[in-house]
Amino acid sequence: MEEQIERLARECREEISAAGSENALYAVRVKFLGKSGLISELMKGMRNLAPEQRPVMGKIVNETRASLEAEFAAKGKQLHEKELAEKLASEKIDITINEGSRTGRLHPLSAVRQRLVDFFVSMGFDVMDGPEVETDYYNFEALNVPKDHPARDMQDTFFLGGNLLLRSQTSASQVRYMEEHKPPLKMISPGRVFRNDDDATHSPVFHQLEGLVVDRGITMCDLKGILDEFAKHFFGKDTKVRFRPSYFPFTEPSVEVDVSCAMCHGKGCKICKGTGWIEILGAGIVNRKVLRTCGIDPDEYTGFAFGFGIDRIANIIHGIPHIKLLYENDIRFLEQFR
Amino acid sequence: MKLPISWLKEYAAIGNATPEEVAEALLSVGFEVEEMIYAGEEIENVVVAKVIDCKPHPDSDHLHVCMVDTGKEILQVVCGAPNVKTGDVVPCALSGAKLPGGIEIRPGELRGVTSYGMLCSGKELGVDDTIIEGAEVDGLLQLPKDTTLGTDIRKILGLDEYILDVSVTANRPDCQSIIGLAREVAAAMDVRFTPPVNKYKTVEYDGEYMPGVEIRSELCSRYTGRLIRDVRIERSPEWMARRLRLVGIRSINNIVDITNYVLIETGQPLHSFDIRFISKGIVVRTAEKGEKITALDGKEYTLGDDMLVIADSKKPIAIAGIMGGEYSGIMSDTETVFLEAARFDRRSVRVTSRRLGLRSDSSARYEKGVDYTSVDEGRERALALIYKLKAGRIVDVRSDAGIDRPEERVIRTSAKQICSVIGIDIPAKTIEKILRSLGIATETKARSDALVCTVPLRREDIEDFADLSEEVIRYYGYDNLEPTFLKSAACTAGGESERDKAILSLKNVLCGMGLYEMTNYSFISGKAADMLILPPDDERRNTVRLLNPLGEDTSELRTRLTHSALTVAALNLSRGNDAFRLFEIGKVFIPAGDGVQPHERMRLSMVYAGDKENFYTLKNAVTETLRFFGAETELNRSGQPYLHPGMSADVILGGKPVGSFGRLHPTAAENYGIAANVFVAELDLEALLALDRSPVRYSPISKFPCVCRDLAVVVKDECSVGELTDTIKRACGKDLESVALFDVYKGEQIESGYKSVAFSLRFRSLEKTLADADIQKLTDAAVCALKNEREARLR
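Which chain is which? The protein sequence lines are C and W, in order. Here my numbering is used: the first residue of the first sequence is 1, the next is one more, and so on. Here my numbering is used: the first residue of the second sequence is 339, the next is one more, and so on.
It is possible that part of the hints are untrue.
[To be verified] With a cut-off of at most 27 Å between alpha-carbon atoms, the simulated DSSO-like pairs for lysine-lysine come out as follows:
| id | chain 1 | residue 1 | chain 2 | residue 2 |
| --- | --- | --- | --- | --- |
| 1 | C | K270 | W | K726 |
| 2 | C | K147 | W | K627 |
| 3 | C | K182 | W | K825 |
| 4 | W | K957 | W | K825 |
| 5 | C | K289 | W | K726 |
| 6 | C | K273 | W | K340 |
| 7 | W | K825 | C | K232 |
| 8 | W | K1115 | C | K324 |
| 9 | W | K825 | C | K237 |
| 10 | W | K726 | W | K539 |
Bear in mind the hints are in silico, worked out from the structure with no lab data behind them.
Could you put together the complete structure from these sequences and hints?
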């Protein structure tokens, strides 16, 4: 009987090692270790053994069964891993194919506007939105530009009849804000402005951001400080700021502000037209007449104001050569701004 | 303002400063130089040469073969001029030379004889007799025999010169003149400024006719006239003609040239009348309504009663400050001139000039503002030049009228106050020095820091200490500012409005769904409403119109965004960009009545194009937008004329439509030249922004398991999925977690006119694990309700 067991075990091991799949292995297992398998059949023959031999034989059978079980498990694991690997290999796909929808993006003007807003908000500036259809009063008169003043020629305005016009500058918001709020105040007003000017370098619609600070003891040095920070933030930390005297009816003194060209670092290139400087904004100390018009005592308070074109800042930052590209909305343009 | 360097040098001792240095100085004090022009830029490589030999061309009856000495070499030049002869000293364009009109000279053969250059006429060099004697003869420009050979011709013609085109800001009319700019340059470069000294002799008045002057309007504050007798109208000297040419003015005759010269040099417009055409006294008055005048340009103008004229006893003889009448000008036989120097209200000149559509150098100058003292300075300068040029005899008689010389403005301030807006301490002595260099007299008081400044009349822009601050800092230099960071300012809260934040978040949601943001103009074409097939009485046709639009395509403020969106879609499609999703959030303008600011409302538009897009892909973005605002809305079939009637919907919020979306109507598509599959949506954001945006309150999440059941019913074709879903939700109540459509089937096994609709229902209770019996009860309720309400039968 012992020999029979050994033979069966040997046959079983041979068949285990020959099994090529989990299914085949299972069949071998049923054949040898199943309820009516060969080992079980053999056990039935134990009845014919002498009683004292039965425990000895039983032990041998059980040990053989346990050792075969272990081999089945090992082989099973091996076969399972092999089959899984084959399955995974067969599921390999082309990962270079793209499927599904892409996300869109903000328009570069919106994105830049938001960066500007975030910058000034972080310093405590309020954000104001004024009407785009303005009255002559807010766009001109209250800003110290009386009717038929030559300063009106500085901007070509779209008129709508009566005393209505499309605002030519976000400075119009200054007066509205100062009518509602009293110093200390800090505000910016980003928005859309309109000028009757349409050529390669001008768009009849563009965007400005007006800034205003009114408090006690505000000076040109404070203006320089804020604009230095602004320039470093948007054009790089090595950027220099230059003030040049200029004229705006609503500020006195007035300055044009240039930043050193980020492209050539002041050496002179195509972008800065060889000057090393790029003109980006107009600013100054709020004209005392304007403060008075808004009901703020110019002997007690001073303030500064500045205004620049958001389109221009966007174009400088992104190297966009023509302002018109911003308003065409060609999807190939819009897709570029990650 | 054109500023020739040589003219500048007459009044500012700039020595050998380069044009670049002058431009830099001007820039530093607030005058931008827009262009630096070299007067002789059209001419290159043309030199003075002597004809040393001149023989007839062997093969031509009018050409000559010349040998010319350029001072450096002897060249053979073929010349066709009739006046060429040996010994002539003439301009010679060398190989590679450039002449006005873009002409380049290259060596070449003329009937078999090589020519290494070209001898030039005055015309070929772009000059006439006013610039150089002999320029208009038929043939070569003959130069004096003693001219140094090889000299650059630009030196001979007065073209070896730089002109700065200076941009003068609107507050500085006093710098619309050579002298005004010279004063600034001198102060900026710290060199001497010497104003002109005007000397002349007069002849005694012998009782001849001299018009008296009467001012009858406040629009003229000063009017002065002088009489010039024995006028000899002739050509101006070359130096004057050349200077005028440098600033772009053609020389006419001595009297006209002097008035132009003085306008440029001092900024004072002058007018010269031929006395023969003035009858009796001169009256400065407003025109009578409908009064007519034929001006020097030969055109007749009808005047308004607010327009200022110079009139004699019979008729207007000039439109004040703008243009003289047709007979008022100087003619070749003019003998006696009445020279006007006056000050007219700039506003009046501006308005009149615009209304008549008539501009002149004089009106352009008056519009910018002429100050009180300029009248005398300009007139005296003109008289000195008339005397110098012997253009006539100045009669010792005056016709002056107008207000007395006003007081100069006195500003009482202090160095401290002047520095208060600048932010740095500038020494009082430095402040005084700067102010004085600009002609502002300063006076300090003992034992006080008071600084009393007297401002010259030409500086009407200086009104208070802040203006003095600007004068000081622009000369002291902005580079000296020390940046501070709002050192004395109070802390403020600031921030964006909730509205702005909501709009930005919405934009990000839309971007997340694959939409790119567009930015469009606020104005649209007057044809937009027709392109969108809006009916004639549609309220959207009621727009705000621009009085001075750039063109028909940008003539109205938009009342909706859809036209812009479709225009962009059409542009992209025409460029082969065939798949895109775009949105815009922008303002529209709804008229609120004449003279009243229109209502500005924020709207959202979306446009989809591409093979993969359909009604439902666009609907998804609309639905997500509504969900963003927590808007409880319904959908109705839309009647928008520009949308496909079967594939469009109106969004209803609180019973009111707040937008529409759907497939573009084929007729509208045709109007925009769109051949592709395009879907468009527009929503009124104001209505959505007005909804409550208080923080969302949490709803409990069930911890019990869910049970899913599928349900397929057969219903009539016209029964919508939305109706079926509503019925199921109502019948099942709160334990129905969700219901999702998974199939709509028509065809075999389903009779015609019917469809099979299959839903997947998910049940879950907040209180317990639902048992089979519970689920059965719920699905039975759903089936029963579908049968009763929608005539549905279980499949």
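* Unsatisfied constraints (hint numbers, rising) -> Of the numbered hints, 1, 4, 5 and 8 do not hold.
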